[in-house]
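Q: Sequences are here, hints too, so could you generate the full structure?
In order, the protein sequences belong to chains A and B.
Taking the UniProt record's numbering as reference, the numbering of the first sequence is continuous, increasing by one, and the terminal residue is 214.
Taking the UniProt record's numbering as reference, the numbering of the second sequence is continuous, increasing by one, and the terminal residue is 225.
Think of the hints as simulated: they come from the structure by calculation, not from any bench.
Among the hints, erroneous ones may be present.
[Said to hold, decoys possible] Just the calculated beta-carbon pair ranges, DEER-fashion:
no.: 1; chain 1: A; residue 1: 5; chain 2: B; residue 2: 193; range: 40 to 50 Å
no.: 2; chain 1: A; residue 1: 64; chain 2: B; residue 2: 190; range: 14 to 24 Å
no.: 3; chain 1: A; residue 1: 141; chain 2: B; residue 2: 219; range: 54 to 64 Å
[Unchecked claim] Within a straight-line C-alpha distance of at most 20 Å, the following computed PhoX-like cross-link-like pairs (lysine-lysine) qualify:
no.: 4; chain 1: B; residue 1: 169; chain 2: B; residue 2: 49
no.: 5; chain 1: A; residue 1: 49; chain 2: B; residue 2: 54
no.: 6; chain 1: A; residue 1: 94; chain 2: A; residue 2: 157
no.: 7; chain 1: B; residue 1: 169; chain 2: B; residue 2: 94
no.: 8; chain 1: B; residue 1: 165; chain 2: B; residue 2: 49
no.: 9; chain 1: A; residue 1: 54; chain 2: B; residue 2: 54
no.: 10; chain 1: A; residue 1: 54; chain 2: B; residue 2: 49
no.: 11; chain 1: A; residue 1: 153; chain 2: A; residue 2: 94
no.: 12; chain 1: A; residue 1: 165; chain 2: A; residue 2: 54
Backbone N, C-alpha and C define an ideal beta-carbon position, used for all residues, glycine too.
The residues making up each chain are set out below.
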Amino acid sequence: MGPLPRTLELFYDVLSPYSWLSFEVLCRYQNIWNINLRLQPSLIAGIMKDSGNKPPALLPRKAQYLASDINLLRQHLQVPIQLPKDLFSVLLEKGSLSAMRFLTAVNLEHPEMLEKVSRELWMRIWSRAAKKAGMSAEQARGLLEKISTPTVKNKLKETTEAACKYGAFGLPVTVAHMDGQTHMLFGSDRMELLAYLLGEKWMGPVPPAVNARL
Amino acid sequence: MGPLPRTLELFYDVLSPYSWLSFEVLCRYQNIWNINLRLQPSLIAGIMKDSGNKPPALLPRKAQYLASDINLLRQHLQVPIQLPKDLFSVLLEKGSLSAMRFLTAVNLEHPEMLEKVSRELWMRIWSRDEDISEPQSILTAAKKAGMSAEQARGLLEKISTPTVKNKLKETTEAACKYGAFGLPVTVAHMDGQTHMLFGSDRMELLAYLLEKWMGPVPPAVNARL
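A: Pasting the structure below:
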C-alpha cells in the first residue's frame, strides 16, 4: 500500500470568484496528486464579519484591478469566469446565504453531488454558460426545504467558524494536512506553493487530464 | 534581429516584503525572458494614501497570515526573507522615505547600481532586522553594494533636493495611474497593450502573457546568447 493521501480542505463561497478558480484547479489535481479533497461550503460574509476585514471590491482601485485580473485569469486558468454586469449588487446586496445553506445541505445528504452543484452555482453567478447539475427536481426541492433547518444553519456556521479558526480573513482558504502539520493558504494564487509543500509536481493551472493513480 | 524585448516596469518599495520577492524572481528571469526590466523605486505609503487602502498588517489575521506566508515563500522562492522582531515599528513607524529617495537618486545618477543597492536595503530590513531609516544605515548598504564611500555620501546629500523628491513623487504617481493600491506592481508593455499585475504571485500569469514559466528558481540559463 502506498503513502496515505493528504487531506486538503477547501473553504469556499460561490459569491467569491477566486474561490471558483481554486476549486477548478484543485478539482483538476485531485486525481493527479495523492490528496483527498474535502470541499467545505462556507459563508464569506461571516468570515469578513469575524475577522474585521472588508470585501476588496469596496475599494475602487481594488474593484478595478479585480476586473482585469479575473479577465486574465479566465484565459490562463481556462475557467469561463466573467464579472456580472452589476457586480456590486451581486456582491454586496444579494449575498449567498441561501446558496451556501443549500450547498451545506447537499454536503450533508448527497456529498457526491457537491462538486457539480457548486460548479453550477458559480456558473450562474460568474459565467453566462450555466447548465444543469444533474439533480432531480425532487431532490432539489427537498434540499431547498432543508436550508432553514437548525441542522443546516448550524453546519454552515460551524464550517465558517472552522475557517476562522484557521485564520481566514477571506476566501478561498486551502488547508493542507500533512506530516502532522497544518498549512493554511489564502487565495487561488498559492497553488504552486501548495504543490511545493506537498512534494507534488506543479503542471500549471490546466494539467493534462491524466489519472496518475491508476 | 530577433523580436524587440518587452519592457517590464517593477514598482517597488524596500518596506514591502512581497516587493523583494517579485524583484528577485524578475531579476532571475531578466536574462532568460526577452524583457527589459525597469526598476521603479516608489513609496508605498504614498500609494496607500492615494488609493485609500491600508497596510494589510493592520488587520490582525492578515498580519498573522503574512508571517506564515513569508516563511513558506522563503523556502519556495529561495530568498532569505524573515520578519523583523518588531514588525509594526518597522512598517508603521520608521517607514522608508529616506531609503526610497536614496534609491531614486541612485536611479538618476548610477542606474547600473540600482539592483544591488536595492537588494542590500532589503537584506538589512527583511533579512537581518537592521535599520534603514538612519543615514549611516543607508551608506552602509550602498557600500556593501559596491559603491565607494564618496559616491554614497554624494548621493545621500541629494536626497532632500527637489529633483530627487519630485522624481520619487512622479514614480509613485505613475504607479497610482496604473491603478496601484499597494506594491509590488509589475507593468508589462507588449503588443501595444499594457498589463498591470499586483503582487509577487502573478509571475506565472506574467509568464503566460510573455513566455514560458520555469518556476520561481529557474536554471541559470542565458537564453539570449
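Q: With the threshold set at 20 Å, check whether the alpha-carbon distance from residue 165 of chain A to residue 54 of chain A stays at or below it.
A: With a Cα-Cα distance of about 18 Å, the restraint between residue 165 of chain A and residue 54 of chain A holds, given a limit of 20 Å.
Q: Need the status of pair residue 165 of chain B, residue 49 of chain B: alpha-carbon distance at most 20 Å?
A: holds (17 Å)
Q: Need the status of pair residue 54 of chain A, residue 54 of chain B: alpha-carbon distance at most 20 Å?
A: At roughly 11 Å apart (the allowed maximum being 20 Å), residue 54 of chain B and residue 54 of chain A satisfy the hint.
Q: Hinted pair, alpha-carbon criterion (20 Å max): residue 169 of chain B, residue 49 of chain B. Please report holds or violated.
A: Status holds; Cα separation ~13 Å.
Q: Below or equal to 20 Å on CA atoms is what counts here, so check residue 94 of chain A against residue 157 of chain A.
A: Holds, at roughly 19 Å.
Q: Determine whether the Cβ-Cβ distance between residue 64 of chain A and residue 190 of chain B falls within the hinted range of 14 to 24 Å.
A: With Cβ atoms ~20 Å apart, the hint holds.
Q: Regarding the pair residue 49 of chain A and residue 54 of chain B, is the alpha-carbon distance no greater than 20 Å?
A: holds (18 Å)
Q: Does residue 94 of chain A lie within 20 Å of residue 153 of chain A when you go C-alpha to C-alpha?
A: holds (18 Å)
Q: Within a Cα-Cα threshold of 20 Å, do residue 54 of chain A and residue 49 of chain B meet the stated pairing?
A: The given pair, whose Cα atoms are some 18 Å apart, holds under the 20 Å limit.
Q: For the pair we were handed, residue 169 of chain B and residue 94 of chain B, check the Cα-Cα distance against 20 Å.
A: holds (19 Å)
Q: Residue 141 of chain A and residue 219 of chain B, beta-carbon distance inside 54 to 64 Å?
A: Given about 58 Å between the Cβ atoms, the range holds.
Q: Given a hint of 40 to 50 Å, does the C-beta separation of residue 5 of chain A and residue 193 of chain B actually sit inside it?
A: holds (43 Å)
When each numbered hint is compared with the structure, no violation occurs for any of them.
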